[in-house]
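Enquirer: The lines below spell out each chain.
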Amino acid sequence: MTEKDTDSSPETGSDAAISRRDVLIVTGASIASAGIGGHGANAASSVANIEAPTAQSAKVRLSVNGVSHLLEIDNRQSILDVLRERLQLTGTKKGCNQGACGACTVHLDGKRVNSCLTLAVMHDGAAITTIEGLKQGDTLHPLQAAFVEHEGFQCGYCTSGQIMSGLACITEEHAQSVDDIRFWMSGNICRCGAYPGICAAVRATAQDA
Amino acid sequence: MMPFTVAQVASEREAITSAGGGGRYIAGGTTLIDLMREEVERPSSLVDINRLSLRHIRLERNALVIGALARMAEVAAHPEVRRVHPLIAEALEEGASPQLRNMASIGGNLMQRVRCPYFRMLDAACNKRSPGSGCAAIEGVNGGHAILGTSESCAATHPSDLAVALVALDATMRVRGPQGERRFPIIDLYRLPEDKPHLEHTLRPAELILDVHVPVQPFAVSGRYLKVRDRSSYEFALVSAAAVLDVRNGVVRAARVACGGVGTRPWRMPAVEAALIGQRPTRANFETAAAHATQGARALSGNGYKIALLPRTITRALEMAGEKV
Ligand SMILES: Cc1cc2nc3c(=O)[nH]c(=O)nc-3n(C[C@H](O)[C@H](O)[C@H](O)COP(=O)(O)OP(=O)(O)OC[C@H]3O[C@@H](n4cnc5c(N)ncnc54)[C@H](O)[C@@H]3O)c2cc1C
Ligand code: SF4
Ligand code: FES
Ligand code: FES
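Just so you know, the protein sequences line up as chains A and B, in that order.
Residue 86 in my numbering sits at position 86 of the first sequence; the count goes up by one each step and never skips.
Residue 1233 in my numbering sits at position 233 of the second sequence; the count goes up by one each step and never skips.
Bound-form chain B, shown alone:
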């Protein structure tokens, strides 16, 4: 690990000033310390934001608000979160481990970096780590890689389960930086790799995530998260699906579907959602709708199985959501 300084900050303003001077925010450290030890990340100064009061979890008029420093474990266990947005609790509990969830923050989770093995291997070509060096995964081991949103430059999936749930639920994010505060849909946090995979997100320099706002809709109580992976826990998704259904009088009135493990960013599935509207919630109809998920999908040498697995995972997640309506 390279040497670094640590600034302890007591206010958002202080934090933003420190980050403006070149410091890097650190919350739980479960992504950043790991990558610093591998020397994939080499910040010369850290800004410890854990003393900021951004640990709130509360229900406001039409939204569930979750502070950036709330821990994955405490959000997942929170009675209001479980009541209004069970999808969020489930996506969190299916991620990482109990120990990591005690440490890891919501802001850090959304900002975590890819799990592509070459990204962490300093001697491998990786455009994300060293722009212009090439992509070892395209010709290499790529069974875990994306089939949607890939480019010649990068095919790594975004690993956050929480982000998939929040994208399905139309959540927004509030951030503050040197130029003030702004709020935008969480899907807009993530960039496609295109020819610049080293640019992952849209936060401006020194911008601090304050909290996420998840609109509350009565039908969100049907939300489920299904995560398919190599072992049944403590593993990243091969394919995952978040599904929410609004069924009235035996007909689907609204649907929200987003997937993980398949896209270079959390992947909302508008074509699948549209195909469900007005249909009866049967397995056959779920299968027909889920078939739209692979439009535009492109497989690499090792991940062709995802093209079959993706619609099946969505179908099963829809069935799980259907059981709760």
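So here's chain A without its partners, still in its complex pose:
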């Protein structure tokens, strides 16, 4: 596994080493106020408990598609926002941001989840797979290729979520029939209505697997 120190601040070093580019990105995500302070930066917490933490950000290690990242993360940031805005992995999409569409589906420690409702600070040490992690070199993953072959999309916005969910569906053995797929893929909405193609692609890949 390769190690990538994304904020260019060594684990033991100073948080001040954060790059200008990251500051701009953080500001762009409108979390600048609390995002780059270290632990204890907000020492004047009102919580009357000696054990209570005071920081509104934390250092979090995430392994994304096999690459390890050490990031100072605002408590409010979802894994979706970290992927898109900190790591520039924009293949994972934000549809509703409230768990209702599935566009943000990624695999977290091997399970499909909605990354929009997942706080990154609660997943220190987690392994995440996104759509960017599926292809081998220049070769598409068989499910990606099947989506092309079966026209499993139109605008493509929901597609990365569909593929991540479809892949989980196959490994969960919930792709035994088209009815099965329809039920177990129901967490992924397609506004273009490409459902027949999506089901066909998942079914074909499950049969070949």
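Bear in mind the hints are in silico, worked out from the structure with no lab data behind them.
A quick note: this is a predicted structure, and the numbers were derived from the prediction, not measured.
Some hints could be false.
Said to hold, decoys possible - Facing chain A, according to a computed beta carbon distance under 10 Å, are these residues of chain B, among others:
| id | residue |
| --- | --- |
| 1 | Thr1005 |
| 2 | Val1006 |
| 3 | Ile1026 |
| 4 | Thr1030 |
| 5 | Leu1032 |
| 6 | Arg1037 |
| 7 | Arg1071 |
| 8 | Gln1099 |
| 9 | Arg1101 |
| 10 | Ser1232 |
| 11 | Gly1250 |
The C-beta atom is built at its ideal place from N, Cα and C for all residues, glycine as well.
Given the coordinates of chain A, assemble chain B with the ligands onto it according to the supplied hints.
Expert: Just chain B with the ligands, lined up with the frame of chain A:
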């Protein structure tokens, strides 16, 4: 989203201490993060309880015990749950989506908040969100709202499917707080709105749900959950019914019926159950019994259809349970 701190706790005692200091428990986050983003919920500190060992699912002598941190997906897939309480597995699988069920915990599911659209709209009147502000739903869009247990102050339904199943099965809940441990029937977790809809549940400050205990009865293998909704999956219930039947020698010996989508809390149907005892399990008898379900029901401008839909849903759920006895 307002800023907040996050405490990682390793023991129940630590969790309860942190919550006692004003922290809010977070498990899967699928209700809480969503509402915090909308600023309907504004906790200044969260207590991440996911490291506590409350993820057990096991059969004890007379009860199925499910830890508060067990995930909806793993409970639904558990072979013992499917064997002794298929109703629980079905109610779970009919809720939310596969992704959400991988994240969402049993404790969080039972504590999830209402889905009334005005509750989430900060500029709408809502007594539950801002006590005393009024209720926009009573005169507004209320097609999804309750017909049982409503008040002038609030008519939002309790959205959990699992809670309906557990109430039908006489489940209890074990909780621990600063004053120690206690156990009570899950139905008692939920309050009626009356004139204080902002008070939803009966947990005391900092009380942590540990697990739920579901008594095992042989006839529970007949349990079925029928959920009627606007689309066939990934949607909350308009009306749902959990039904369990004990039929011996062609006669109903015991029945358990509870409904969702119609009450301000999960709604047990004792009058329907009583009317089934001693009857033959026929559709006509199910219909006669199910007619008792709407006693005391009151419709708003948009949800009168539920008064017709409720007995039909119960009838069909009873037929489904009857097929398994
Ligand atoms: C799009 C969508 C569709 C959905 N559809 C359905 C559906 O059809 N049927 C259904 O039943 N549900 C549905 N849900 C709701 C979902 O099941 C709940 O959000 C989920 O179960 C909550 O669990 P959680 O672990 O994520 O809770 P969290 O969000 O972590 O917590 C929810 C609440 O419970 C409290 N809490 C959590 N654990 C404990 C504990 N151990 N002790 C005390 N308090 C605790 C928290 O403080 C918080 O107030 C849906 C949700 C979404 C987003
Ligand atoms: S029904 Fe209840 S939750 Fe909905 S607006 Fe009225 S008070 Fe608020
Ligand atoms: S963006 Fe996460 S479910 Fe829609
Ligand atoms: S392809 Fe357009 S939303 Fe699915």
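Enquirer: Should the interface hint for Thr1005 (chain B) be scored as holding, given a Cβ-Cβ cut-off of 10 Å against chain A?
Expert: OK, holds: Thr1005 (chain B) within 10 Å of chain A, min 5 Å.
Enquirer: Identify whether the interface hint at Gln1099 (chain B) stands, where standing means a beta carbon of chain A within less than 10 Å of its own.
Expert: 5 Å, holds
Enquirer: Just to be careful: measuring from the Cβ of Val1006 (chain B) to every Cβ in chain A, is the smallest value less than 10 Å?
Expert: OK, holds: Val1006 (chain B) within 10 Å of chain A, min 5 Å.
Enquirer: For the hint on Arg1071 (chain B), just tell me whether its beta-carbon gets within less than 10 Å of chain A.
Expert: With Cβ-Cβ at 9 Å, under 10 Å, it holds.
Enquirer: Does Thr1030 (chain B) pass the interface hint, meaning its C-beta sits closer than 10 Å to a C-beta of chain A?
Expert: 5 Å, holds
Enquirer: Holds or violated: Ile1026 (chain B) as interface residue toward chain A, Cβ cutoff 10 Å?
Expert: 7 Å, holds
Enquirer: Could you check if Gly1250 (chain B) really has its C-beta closer than 10 Å to a C-beta on chain A?
Expert: 34 Å, violated
Enquirer: Hey, does the Arg1101 (chain B) contact hint survive, CB to chain A under 10 Å?
Expert: Result: holds, 9 Å to nearest chain A Cβ.
Enquirer: Report holds or violated for the interface hint on Leu1032 (chain B), using the least CB-CB distance to chain A and a cut-off of 10 Å.
Expert: 9 Å, holds
Enquirer: Could you check if Ser1232 (chain B) really has its C-beta closer than 10 Å to a C-beta on chain A?
Expert: Since the shortest Cβ distance to chain A is 8 Å, the answer is holds.
Enquirer: Measuring from the C-beta of Arg1037 (chain B) to each C-beta in chain A, is the shortest one below 10 Å?
Expert: 7 Å, holds
In this structure, the one hint that does not hold is number 11.
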